[in-house]
Amino acid sequence: MEKAPFSLNFFPMRPVIRKESKGVVLSISPFNYPVWLALGPMIGAIAAGNCFVLKPSELSPAVSGLIAELVPKYLDPDVVRIVLGAVPETTRLLELPWAHILYTGSGRVAKIVCAAAAKTLTPVSTELGGKSPVVIDPKCDLQTAAKRIMWGKCVNAGQTCVAPDYILVPEDAQDKVVQALKATHDEFYPTSPSTAGVFGRIVNHAHFRRLKGLLDRSAGEIAFGGETNENDKYISPTIVKNVKGDDSLMSEELFGPILPIVPVKNVDEAIAFINDRDNPLTLYVFSQDAAFKAKVFDNTLSGSAVANDTLVHCAVDGLPFGGIGPSGSGYHTRKYTFDLFTHLRSSLDSPAWVDAIFGSRFPPYTVRLFHVLSLFGHAGDAIIDSIGKEGVVSQVTPWCQVTSPSTPACQWDRPEPSSER
Amino acid sequence: MSDILTYTPVEEIPKIRDDLRATFKTGVTRSFEWRKRQLYQLARMAQNEAEAVCDAMTRDFGKPRFEVIVAELSAVVRIALKSAEKLEEWARPEQPDVPDSQRNWKPTPWNYPVILSLQPLVGAIAAGCCAVLKPSENVPHLSELLAKLISKYLDTSAYRVINGAIPEITKILELQWDHIFYTGNGRIARIVATAAAKHLTPCSLELGGKSPVVVDAAYDMELAAKRILWGKCNNAGQICKKQDELVRGFEKAYKAFFPNGALDDADYGGIVNDFHFKRLSTMLDRSQGEKAGRDPARRRLEPVIVKGVDGNDSLLEEEIFGPLLPIVAVDSLDEAIDFINARPHPLVLYAFTEDPNVKERLINETQSGGIAFNDTFQQLAVADLPFSGIGESGYGYQFLRYSFEAFTHLRSSVDIPKGEESRLSLRYPPHKPEAYQVLGSAMNIRIPE
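Going down the list, the sequences are from chains R and D. Per the working numbering, the first sequence runs over residues -14 to 406. Per the working numbering, the second sequence runs over residues 339 to 787.
These are calculated hints, taken from the structure and not from any lab test. Idealized CB from N, CA, C, for every residue including glycine. Incorrect hints may appear among the rest.
[Stated by the list, open to error] List time: in silico DSBU-like cross-link candidates among lysine-lysine, alpha-carbon distance up to 35 angstroms: (1) Lys536(D) with Lys509(D); (2) Lys509(D) with Lys4(R); (3) Lys363(D) with Lys104(R).
[Claimed, not checked] Derived Cβ-Cβ restraints for the label pairs, each shown as a range: (4) Ile529(D) with Ala168(R): 14 to 22 angstroms; (5) Asp63(R) with Trp372(D): 51 to 59 angstroms; (6) Asp356(D) with Tyr59(R): 51 to 59 angstroms; (7) Lys616(D) with Glu54(R): 58 to 66 angstroms; (8) Asp171(R) with Asp356(D): 46 to 54 angstroms; (9) Ser619(D) with Asn260(R): 50 to 58 angstroms; (10) Glu74(R) with Ala503(D): 34 to 42 angstroms; (11) Asn284(R) with Leu561(D): 57 to 65 angstroms; (12) Glu426(D) with Ala276(R): 17 to 25 angstroms; (13) Asn782(D) with Glu74(R): 35 to 43 angstroms; (14) Lys124(R) with Ala503(D): 54 to 62 angstroms; (15) Arg528(D) with Ala276(R): 44 to 52 angstroms; (16) Glu54(R) with Gln775(D): 46 to 54 angstroms.
[What the hints assert, rightly or not] Footprint (simulated), chain R over chain D, 3 or more residues, beta carbon under 8 angstroms: (17) 515 to 527; (18) 723 to 730.
Go ahead and model the full structure; you've got the sequences and the hints to work with.
In structure tokens form, the structure reads like this:
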């Protein structure tokens, strides 16, 4: 419970903000971090006292099946349930009203979820994605930058909502960047990324084919990588340079281990490039120059603004993680997730004696009552303050009007009760 | 198009949005000084134009001057000034780099047309957004006036009013907005939310429903009656044990409020239009309870207390939104709670009782947007309390800081220095066993019993 900010006028009425559970909430989670994105929201929802239905992804059948098996063993099935399925099952879930729906996944499906929720007036939060750009200041510490960018791209084979999607850098620095990335790649994978257990795979054949298609159709040049193996759903970390804005690799969120580099003239062009596209979930800037960072962040919009690293902001305690526009709405981590599933129920408890002061609110309404009320804040403390300061014109009514040089002056009296309606 | 209200040409609507978008891109709304100036202008408008506003309200539906000034205009002044005072603090990082959402659309209702239109606008201005306001066509005089006044007092490159009805609203809903704040009813709210879904636009829906009043038999009936009658807006089912005493309390309060009867009293408002007058009349006619006076010519309906109402009565089918107060007699608190829970979550639950057990049970066993003990309506005056519904009564909070937050995006930011590298490098492949131990140390934490 939170006490409302103290107000002399209302404290006898004991205003209190109760933090209450919303009720029964639904979370639809994706395949890419199938444990964390299934259980993370569950933690916040349970902490906030809700009942929880989870619909984990059918694209990660082994993990989803395991969650469905384990959760009832550890948690009370009267409170938490798992629903397994794909489109028909999800559709049925969405026909029902929920106290809140959390959808984590793609923008395309999010629109379907929101449209369904609209029919039941269910509030929805969405954690989506998009293309998270990386703006590199050529003067930055490139070695560290390359390491952190490569790491962000390689984790889960690039299937992360905040994976660095593409790089923007001045043309003449492009090759330097490629070299630094390659050096890091070789450090990470001294044998080969295809070695079992060191590097992820694409979740299914459909996505593998999607990514391979984007790569094949690209007009850019593969600087290194580009190895694929359909049986294994393996795509090696791949850097593609000289990519243009209308390239296949720039047409959708990659969600794979392919990293296009889009050469630009300067940081202004990079900013314009970003602003011409959907608000990203995260915007990355690599620079040690405060002015450079400020320029990029101040002139763009994104879910999060991260300098000099990738992915880590999701793990920072107390930072609200969320998108804006097509990248989503609603915030996560710790208390933010708790708040997502909490209803602030305002409450007042008004003692009888209060009417001795507030009795004036009851009709018949008289001039005297206006005056009494104005003294008790209904009229606004500022009016009372300015009455003293600015030499007010006082008329028939106590509704004193403040005149000052910049205010268009106008006079008004309280008219006689009008017989016209 | 009505003769009083000028509808905005449909073709102009996308251009209005584009203009505001362009303004937002210039960054002018970022300046705290700029926002404060706009907020002061809004406050000035509420003060200086009070007369014109009261007049328009009288023409539209006879709303008493007292209600306009106290419940609406003064609240706008106070909230605008407080927001101006606080916005810098609200905008400060704690939330690093708080950028602003862009444009918001607020279709607003007709019942408290000033406060409900302008209060969200205050939040939007404080948060540095550009905004379009679509006021209700059910109060044509006021909405026409608002269009004129907003353009006179505020910077029109950032704030615009669009007037109209279904075709204009449909056009507005086709466009992308960064947030939509809708105040009104559940039917339209579904249309708004469906349209917003196409662009993944977040919404705030401030709706209504039937706000029940539970009256504990032990409570002072006269006092309860007085406060309930006063809070006549949105009052729907009232549930209590001692109906007759309550009814006598109402009779007494009614005589005190309106010594000459309400139909002719200037301090008592009229029904907004013929459609709603007929709706209320029909609802009343179909009710099985006992009723009283009306005046169709002036669209005035006396406050009517109807006793002996049961759960299936016409008066309980939908939100009344008029001065009819059905009383449903129940035998116990259990029955009252069941009655409430069998219906959609109300916007507000009122209860008149001093008994802490009754309060406790009502708090714990029901859900509602807000809960108010021993008074009605007054909770809206505490602007520092977040106001919202739950379930059918809507979602999204408003007033002061909450309005500000509705229109603000928390943009998280981190800046990781190179110096952290020695600690962070454990995360890079190839992964040594040490990496699992350090980064995966939670796997060995002791969990409490």
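query: Which of the numbered hints are not met once you compare them with the structure shown?
result: When the structure is compared with the hints, numbers 2, 4 and 16 turn out to be violated.
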